[in-house]
Every structure is written in structure tokens, then in C-alpha cells.
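J.: In numbering that gives the first Met the number 0, the protein residues as written are 0 to 36.
Hint data in this document are derived by calculation from the structure and do not stem from the laboratory.
Think of the CB as a built atom: it goes at the ideal place given N, C-alpha and C, for glycine as much as any other residue.
Don't take every hint at face value.
[Said to hold, decoys possible] Each pair of labels, with its calculated beta carbon distance range: (1) A11 - P34: 30 to 40 Å; (2) V27 - I4: 16 to 26 Å; (3) F30 - M5: 12 to 22 Å; (4) I26 - S1: 10 to 20 Å; (5) T12 - P34: 30 to 40 Å.
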Amino acid sequence: MSGQIMANAIIATLTPASYISYNIIGIVMCFAILPWH
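Please construct the entire structure, taking both the sequences and the accompanying hints into account.
T.: In C-alpha cells:
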């Protein structure tokens with residue numbers, strides 16, 4: 000849930016850099032989760 004709040008905060012500011020950072024974090028989290036589940 001805290002991830003959702005952080006995502007909303009980043010999207011609210013939505014500078015290109017923060018948007019790219021959010022995408023990278025999302026991809027990394029998917030990579031971290033998928034192999035184990």
C-alpha cells in the first residue's frame with residue numbers, strides 16, 4: 000500500500016525524471032517478485 004502512495008506522489012509531480020525512475024522501480028520490483036512466485 001505504501002508503494003501505491005509513493006506512486007501517486009510521483010505521478011502527482013510527474014516530471015520526466017521521476018516518471019522514468021518510477022518505471023525503473025516498478026520493473027525492478029517485478030523482476031524481484033516474479034522468479035520467486
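J.: Look at each hint and say if it fits the structure.
T.: Hints versus structure:
{"no.": "1", "hint": "A11 - P34: 30 to 40 Å", "in the structure": "holds, 32 Å"}
{"no.": "2", "hint": "V27 - I4: 16 to 26 Å", "in the structure": "holds, 18 Å"}
{"no.": "3", "hint": "F30 - M5: 12 to 22 Å", "in the structure": "holds, 18 Å"}
{"no.": "4", "hint": "I26 - S1: 10 to 20 Å", "in the structure": "holds, 19 Å"}
{"no.": "5", "hint": "T12 - P34: 30 to 40 Å", "in the structure": "holds, 32 Å"}
The earlier numbered hints are all upheld by this structure, with none contradicted.
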